[in-house]
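Chains as they are written, first to last, in the numbering used here: chain V, 1 to 375; chain E, 376 to 653; chain U, 654 to 913.
Any given hint could be a false lead.
Sample of chain E residues facing chain U (criterion: CB under 7 Å; computed from the structure) [unchecked claim]: (1) Gly428; (2) Val429; (3) Arg455; (4) Gly459; (5) Ala462.
By construction, these hints were calculated from the structure, which means they are not laboratory data. Backbone N, C-alpha and C fix where the C-beta goes; we use that ideal spot for every residue, glycine too.
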Amino acid sequence: MATGGASPGWRGFLPREAFDTLLRALEAAGYECIGPRVEDGAILYRGLSAGSDLPQGVEEAQAPGHYRLQHTDTPRCFAWAVGPQAIKPHLFTPREALWETERDADGRLTFRPVEPGPRPLAIIGVRACDLAALALQDQHFLRAGNADPYYAHRREGLFLVAVNCTHPAATCFCVSTGDGPQAGDDCDLALDELDEGYAVRAASSKGETIVQQLPLQALTEAQQAQIGREREAARSAQQRTMPAGNLRDHLFNAWEHPRWAQVAERCLSCGNCTSVCPTCFCHQQVDVPTLDGGNATHYREWDSCFTQNHSYIHGITLRPDTRSRYRQWLTHKLGSWHDQYGRSGCVGCGRCITWCPVGIDITEEVSALLAEAGK
Amino acid sequence: MNASIQVPWQAEVVSRVQETPSVFTLGLRLDDPAAPAPYRFAPGQFNMLYLYGVGEVPISVVSDPEHDDEIQHTVRAVGRVTHGLAALHPGDQLGLRGPFGRGWPLEAAVGRDLLLVTGGLGCAPVVSVINYAMQRRERFGRLGIVQGVKHMDDLIWRERYEAWAGQPDTQVQLAADVAGSGWNWHVGLVTDLFDRLGMPLDQALVMLCGPEPMMIAAIRRLLELGVEAESVWLSMERNMQCAVGLCGHCQYGKDFLCRQGPVFNYPDIRDRLGVKGF
Amino acid sequence: MHETTAKPKVAVHKFSSCDGCQLAFLDMGEDLLTLSAMVDIVHFAEAGMLDADATVDVAFVEGSLNTRHDLKRIQAIRRNSRFLVTIGACATAGGLQALRNFTDADAWHSAVYATPEYLDSLATASPIKSAVHVDLELWGCPVNTRQVTGAVRALLSGVTPAVEQDKVCMECKRQQAVCVMVAKGTPCMGPVTRTGCGALCPRFERGCYACYGPAENPNTDSLSHWFEGLGLLPEQLREQYHGITSQTEPFTAAGNRYRK
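Using the sequences plus the hints, can you model the full thing?
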């Protein structure tokens, strides 16, 4: 996660009116392009056929439990921080068939894996926090010797166009987690947006191939200086912080802290935070037979440590109340995650704050837990 | 795409024994050409059994790892899947994935005295070790077998325990909290039994399985009797759905039970054991 | 798993209701043919089969209990059925007609009917489980075909149907719908309501109105507090809970907090 200092490595400047050449080059390379579009009052990754599909002039206001789009006269298309979902749904899909079972008249079973279709995907406009989250999902789903074939298939075909964030939301805190706002090399192309277009950097050999097809102009010194100023402004604009370092011992020492019961009074135990979290990976398995009993499809689908089923074993629910479920989420995300993946599971995107229906703020809860736990 | 570990193999029920009104043992034979032959596992590992149209459930393997013609699972009918499995008969098919997880430390146990402690109905993982040790008696020292149940009627395999009690260098002690006529074993708790074994325990390797409060009480007493904490191993239970460390349900603090467990060395989980919420 | 060799007998009974849940059977499409091949539907008035007193393996019951005659009928149905499944909000949680439980129904009778003495209704409209043991509840207004076929399939296979009790939010997020409460300030009951509908309303940019009843572990106090912040008045808040599934403990209590 390079957040500055290194040589920018820009290859040139892509004028806004030439943005479609990027889409055409990606399509020619076999990718389906998705990028930010306004739909249902939010910025969502949807099919992108032209630069004019992008949310030009759209900014956003985010606060705990609050998300609104605002239309401004800026010519920019990436003047917002993060939409409701990161890259997660495109790799670890919300619901996916794993295998099918055929059952013949004698009750004999045949199992068939469901092959995910070939669908190389280019995602345009990903943020540094989302790339950091992707690296964590990669660690989980692509564990050496035990890679999840369904995830791996889609990951293989992924092309990532990062756009550095210049408009952090009030809920963002990626600077404090070290994950943004500037993208490092864990993407294929990285762009910095200016009023008149984009500075372009290739971060992979796949990206290099695409860059060579773009009608790039020279990036002026004035443009470079402007990008530098905006990058710095994006860092200093962030209002929230997550305490640095490994919080594991502090949080596990606070296991009986009264704050857990206090947050449980507000928490709806609804699973919205885990569903929008770009690193949460829990999922459940369900088997759906046809009515005639001849076929069944075995699915996996997003689950959450906030559901009753999550901690259920033969008649016992180990975490029956909201207090224990919230504690499980937070101590895992910020605590045991360090043991499992070598770092915190939080990348500072702030989605769990914005999309909590009652506006619970993870940074506020953590500081309350740490303050009184004696950190 | 290699999805093999996440997609079951076909297996056929070749035997079925009703152990108690709610406990039964299914003997299975893999008859999927894609399945490994021979099928190999370590005592303490588990398989995911798939009941058509309903779902999967993790069940530990109780048969001997070197007899792969019949892979046996002892199951208690408590939920949707296990109640459905109870209705299967020889000739019926189901799905099997496995084996998963870490089994018992049987290499480390060679040449040592073994104490095998089980409580309640959760005894299958430890019974697999008893069977294993009985078949390879010369590899181990003295064998202590301790089993406690709430009610004497909950005890399965009483005749096996009584047969094991007749083996050389083997001590068996059974206890029931509630017992009536016909019970000539101890009435009380598992923790009462260690003193009655008549074997020194300070050099023994201990393997436990059962309800967590029972295991905690047993470990406390065993440590008092001079057992080393590092010599205590226990088999834990959590919700398991994928069995390959992906779905997140079996998390136990920093560990995924299906990968780092289900068998743990006591010092590794001492801080979590019995703490509500883990 | 052995399928029963004789075709199981099924009945669909109706009490006070709009008949909408029975459409979950009639709207099955091709599966209706499959169903009729697999079970023997002996009583289903809306589809033309009439044998209300038949002994059956599975009875699906729609509607709530409102008269003394209803009470007698449901007892008989229970006696005649091995497995009793309530379908829909009326049968599981009283339905819309149970809103009269919060009013002076006698006064309404006198105001509406010329000769109220001809009426023979009970003091309240009640869910089926208030009178007899219910083996499985399918929630929703109306229930959908997926729920009904899922339950039938499980029963045919000899296993207990799966109980869905997570919050609507879980499915809303799986469907990748944008949260109407966060993005639009629309009051939504999804965070306290049982899943099963596929997050139908939020997917059409409408707040959930709790027709599947309470989910497990519902925090109505916190949600009400947030609704107050969105500007809902006490009467509007009460109506969120005292709607289609008012005769459930969490929703009765949550609504009562805002009664005048």
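Do the hints match the structure? See the list:
Hint status for E/Gly428: holds, given a least beta-carbon distance of 6 Å to chain U, under 7 Å. At its closest, the beta carbon of E/Val429 sits 5 Å from a beta carbon of chain U; the interface hint therefore holds under the 7 Å criterion. The restraint placing E/Arg455 at the interface with chain U holds, with a minimum CB-CB distance near 5 Å, inside the 7 Å limit. Hint status for E/Gly459 relative to chain U: holds, with the closest Cβ pair at about 4 Å, below 7 Å.
Nearest Cβ of chain U to the Cβ of E/Ala462: about 6 Å, under the 7 Å cut. The hint holds.
When each numbered hint is compared with the structure, no violation occurs for any of them.
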